[in-house]
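Sequences and hints are given; from them, build the entire structure.
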Amino acid sequence: MLNRFMQSRLRGLMILALILIILPAFLGNPFHYELVTQMAIIAATVVGLNLLVGFAGQISLGHAGFFGLGAYFSGIATGTYGWPSVPALLVGAILVALIAWIVGRPILRLKGHYLSMATLAVGFIIAIILNNERALTGGPDGMPVPAFEVFGWELSAFGRYSLFGLEIEGFQAWYIFASVVLLVAVWFALNLIESPIGRALRSVHGSEVAASVVGVNTAKYKSLVFVISAIYASLMGGLYAHFQGFITPAVASFEFSILFITMVVLGGMGSTFGVILGAVVLKLLPQVLADFQELETVMFGLILMLTMIFMPKGLLPTLTAIVSKRMRKKAGGEA
Amino acid sequence: MFKTMMRRAGKCAAVAAAGLMMMSAQAAEPIKIGSFLSVTGPASFLGDPELKTLEMYVEKINEEGGVLGRQLELIHYDDVGNASSARNFASRLVRSDRVDIIVGGSTTGATMAAVPLIEQAQVPFISLAGAVVITTPVKKWVFKTPQSDRMAAERILSDMKDRGITKIGLISGTDGFGSSGRTQTLEVAEKMGMEVLADVTYSGSDTDMTAQLTNIRNTNGVEAVLNFGFGQGPAIVTRNYAQLGMNLPFYQSHGVASDGFLELAGSSAEGLRLPASPLLVPDSLPEDDPQKAVVQNYKSEYEARWDSKVSTFGAYAYDGLMLAVRAIEEAGSTDPEAVREALENIKGYVGVTGEFNMSPDDHNGLDPDSFRILEVQNGEWKLID
Amino acid sequence: MLAEFLQYLFTGITIGATYALIALGFTLIYNASHVINFAQGEFLMIGGMATVSLTAMGVPMVFAVVLAIILAGVLGIALQRLAIAPAKQADVVTLIIITIGASIFIRGIAQVVWGKEYHVMQNFSTDQPIQVFGAVLNSQSLWVLGIGAVMVVALVLFFTKTLIGKAILATSMNKEAARLVGIRTQMVLMLAFMVSALLGSVAGIVVAPITFTSYDIGIILGLKGFVAAAIGGLGSGVGAVVGGLALGIVEAMAAGYISSDYKDAVAFSMILLVLFFMPRGLFGAKVVERV
Chain E
1 MLNRFMQSRL RGLMILALIL IILPAFLGNP FHYELVTQMA IIAATVVGLN
51 LLVGFAGQIS LGHAGFFGLG AYFSGIATGT YGWPSVPALL VGAILVALIA
101 WIVGRPILRL KGHYLSMATL AVGFIIAIIL NNERALTGGP DGMPVPAFEV
151 FGWELSAFGR YSLFGLEIEG FQAWYIFASV VLLVAVWFAL NLIESPIGRA
201 LRSVHGSEVA ASVVGVNTAK YKSLVFVISA IYASLMGGLY AHFQGFITPA
251 VASFEFSILF ITMVVLGGMG STFGVILGAV VLKLLPQVLA DFQELETVMF
301 GLILMLTMIF MPKGLLPTLT AIVSKRMRKK AGGEA
Chain W
1 MFKTMMRRAG KCAAVAAAGL MMMSAQAAEP IKIGSFLSVT GPASFLGDPE
51 LKTLEMYVEK INEEGGVLGR QLELIHYDDV GNASSARNFA SRLVRSDRVD
101 IIVGGSTTGA TMAAVPLIEQ AQVPFISLAG AVVITTPVKK WVFKTPQSDR
151 MAAERILSDM KDRGITKIGL ISGTDGFGSS GRTQTLEVAE KMGMEVLADV
201 TYSGSDTDMT AQLTNIRNTN GVEAVLNFGF GQGPAIVTRN YAQLGMNLPF
251 YQSHGVASDG FLELAGSSAE GLRLPASPLL VPDSLPEDDP QKAVVQNYKS
301 EYEARWDSKV STFGAYAYDG LMLAVRAIEE AGSTDPEAVR EALENIKGYV
351 GVTGEFNMSP DDHNGLDPDS FRILEVQNGE WKLID
Chain L
1 MLAEFLQYLF TGITIGATYA LIALGFTLIY NASHVINFAQ GEFLMIGGMA
51 TVSLTAMGVP MVFAVVLAII LAGVLGIALQ RLAIAPAKQA DVVTLIIITI
101 GASIFIRGIA QVVWGKEYHV MQNFSTDQPI QVFGAVLNSQ SLWVLGIGAV
151 MVVALVLFFT KTLIGKAILA TSMNKEAARL VGIRTQMVLM LAFMVSALLG
201 SVAGIVVAPI TFTSYDIGII LGLKGFVAAA IGGLGSGVGA VVGGLALGIV
251 EAMAAGYISS DYKDAVAFSM ILLVLFFMPR GLFGAKVVER V
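Protein chains in written order, with the numbering used here: chain E, 1 to 335; chain W, 1 to 385; chain L, 1 to 291.
Because the hints were derived from the structure by calculation, they are not lab data.
Hints should not be assumed to be uniformly reliable.
[What the hints assert, rightly or not] Estimated spans, in silico, between C-beta atoms of each pair:
1) E/Thr318 - L/Val132: 33 to 39 Å
2) W/Lys382 - L/Phe5: 20 to 26 Å
3) W/Lys382 - L/His34: 53 to 59 Å
[To be verified] Covered stretches of chain W (in silico footprint by chain E; criterion: 3 or more residues with CB under 8 Å from a CB of chain E, positions within the stretch not fixed):
4) 74 to 88
5) 170 to 184
For every residue, glycine included, the Cβ atom is placed at its ideal position computed from N, Cα and C.
Given below as C-alpha cells:
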C-alpha cells in the first residue's frame, strides 16, 4: 500500500526528470537552452503559486510582487553590497516570507474577488516602490545583476565549466542547475500536498465553512501556504535575476502576475505537472508567434481563449482525461 | 504500459523540438541585420516608425544592389516594451539567428537588458534609445544614434538661461524616459547653477495631471516649467497646463518631437519650446546646412511610403541602419571586430539626427548642437535656434 | 489654500467619474454572472476608437457615436455567446482568464485595424475651462459626471422597473431558481453583457476628450474600474460610483499633498484599508456562504 502510494507520487517526478535529461538532445543552440532554463525557473514559481491557487483555492493577482522583491533583493544585495549569492537568496526569501506573513493575515480573511483585489493591490504597491526608489533599484530602466556564485565559483551563462571531467558551456550548466531546482521544487510541492497540511488545505478549497466546522484552523493553513508560495516566488525571482543578468520593475508588474495565474489556470489548477506545462506553453508561445508580427497579439488572445473554452480544466487534466478514456476504451475493446 | 507512455513522451518531445528548430533561420548568404523593437505596447510610438524605417530602407538598399554585393536580411522581433523579452529576443538574434549586427532597442530598459549578453556575444549593437547610461561609460560593442537625454537637458536649460530663467518647476513621467530625463535635468541644473524648485511626476497611464501642475503653480518663484516625458502623457500635461491658465514659459523634451504631439495637444501647445532634430522643420534649414538634403529626403520618402507623418524616432533607426551599412562597407566584411572598429571610427556621417563623429571614447558621436530649439507658433514647429 | 484644495478635488472628481463609469460596467456583469470581465476596458476602447475613426471618415459625430455604441453592444453579445456561454462548467477563475484572452484578442484586432496612434476627440461643448473660486474645471468633466448620473439612474430603473432587469437580478441571486420560474438564463446573461458593453462604450466616448483614445487605453482604465468596483462593493451600483469617485479623489489629493511618485501606492493602500475593515467593500452585499 505504502509502496504503491510512493510510486504514484514519484512517477510524475521521474517522468519530469527523464524529460529534462532527454531534452538537451533536441536543443539546437544556446538560445534554446536559455529559453528552457527560463521556463524551468518560471515553472518552479508557478508550482509554488499552484499550492495557493490550486489546492487552497485562493487567487493571487499580485504574485509577481513577491517574485520581483526576491529578484531585486538578490540583485541589490549581490550587486550593490557585494553579498555572496546564496545568503542573499535565503535572506531575501526570509524577508519576503515575513512580508507575506504580515500582509497575509488580514487579506486572507477576504473571499473571492476581494482577495484577488487585495493581492493585486499588494503587488502594485511593491511594483511602484521598485519603480520609484531609483537610488536603490535603478528605477524603471532597471539594474544589472552579477552572475550567480557559490563559494567563489561563478555560474555565468557565458562561462565554461568542467563537470565530472565533461566540458560544458555556461548555458548548459545553467540548464542543469535550473532543472535540479525545478525537480526539487516539484518534489517539495508533492510532499506538501500529501502531508496533513496538504489535506487540510484541500478541505479549505472544498468548503471553508465545512473545514472550520470539523476543526481545521483555516486561517492558519491559508496563511502558511501563502507564505510558502511567496518563498517559492522570492527564491525563483532571485535565480531569475542572476540568470537574466539584468532586471527591470517589469518583473514585479501586474502583467507578470496575470501571466503567472494564467499559467496555473491554462496548465490545470491543482495539477503540479499541469502548471509546469502551462508555464512551458506560455513561455514558448511568444517565440513561436513572433513570426506572425502584427497578428501576434491577436493569435495569443485567440489561443488563450479557445484553450480555456474547450479545456476549462486546463491542458494537462483535459489531455490525461482523454488519454485515459481512450485507454479504457481500448482495454474494453480488447477484452 | 510504460512503453506506450515512453512513446508518447518521445512524440511530445519530438514535436516540441521541431517547434524549436523551426525558429532557427536558414543558412547565411545575405548580411543579417537583427533588430528587437517595441513595435507594440506602451512604447509603440517609438518602435513602430523605427520598424517601418528599417523595413523600407533595407528594401531600398537591396534594390540598389545591397552591401558588398550581398543582400541585406532584416530579422526583427517585437519586445512589446518589455525588457525581459528584449533580452530574450536579443539572445535569439545572436545565438539562434546569428546576425551580423543589431540595430534596435527602442527603450533604454530594453537596450540595457540586452547589453550584458551582447557584450559577451561580441556583436556590434547600435541602440536607438536615449539615456546617457547606454554609452557612458563606453561599452566596447554598444553604440547609439539618438542624442542622450543629458544633451537634451543641457540644451533646454541653456535656452532657459539665455532667457534669464534660473528657477524652474519640473514635471516628469515615471517611465524610463521621464525618470532618466529627470535625473539628468537635476544634475545639469545643479551644474549650471539653476534651481529646481518643484519636482513632481506622473505615471504613463495617468489621464489628468492637473494636481501635479497645481502643485508647481503654487510653488513660489518658479519661472519656467519643463516636462520630461514621452507618449500621450506630455500632451495631457500640455492641455492641463493651458486649462489652468499657466503662462510661464513651458518646455517639453525631445520625447514628444513629432507632429502627432501637435495634433494631440492642439492649441494648448502654442508657445512651448523643445529640443529636436531638424526633421520637424526641414524647409526652415538654411540652404548650406549639410543636413538639409538628408532630412528632406528621409521625410518625403517615409511619408510617401507609409502615408503617415514622419517622426524623430524613425530617424534614429535610419541613422542606425546607415551607420551599420557604412561600417560594413568600410570594414569590407561582416567580421564583427572589423565592423565594430569601423563603427568606432566613423567621422562626418551626416544623418537625419545630426552629424556623427564616433571615437573610441564616444560611441554616440553627436554634440548638443545637433538639437535645434523649436517653438510652436500658430500650430506649427518654428526653428528658433 | 481653498483654491488649491478645490483644484485637487475637481481633478479627483474628473478622474473618479471616469473610473465610476467603467466600474458600473463591471457591476452589471458581476451581478448577472459573478464574473469579473477583464475585457470591460476594451468596450471603453471600442467606444472611443470607433467614434474617432468614424468621424475621421466623415460620418457626423452623432451617427458615429450611435454606431460605436452599437458596435460595442454587438461585441458584448458576441463575447457572451462565443466565449463565455460555451465554457459551461468552467470555474470563475477560468472564466476570468477567458475574458483576459478576449481582451488581448480584441485589443490585437483594434491595433491591426486602427493602428497604434493616440487620437483626439473634441470636447462636447466648449474648450474653455470653468472657473470656480480660483480652481478650474474642464467642461467635459461635467459631461462625464452628468452622463454618469443619468446612467446610474437608468440602471436603477432598469433593475427595479423592467422585467429584463428583474430577470437579471433574479439570475444573479439564484440561477437554478430563476430557470425554474421560466427565466431564460442564457438570454439574461447575454443581455447583461450587452448592456455592460453599451455602458462601457458610452464611458469610452465621454472620457475620450479628456484622456485621448488609443487601442490600448482599455488596459489601465479597465483595471482602475475594477479597483473602483471592488472598493465600492462588487455588484453595487451606488458602490461603483462612490468607489470610483473615492479612488479618483484619493489619487488627486495624494498627488497634490503627499507625493506624486506614490499617489497610486496611496490609492492601493486605501483599498487594503477599506477591505481590512469592510471585507465586502463599502456597499457590498453580505452573502452567506452556502455549504
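Structure-inconsistent hints, enumerated in ascending order: The structure breaks hints 1, 2; every other hint is satisfied.
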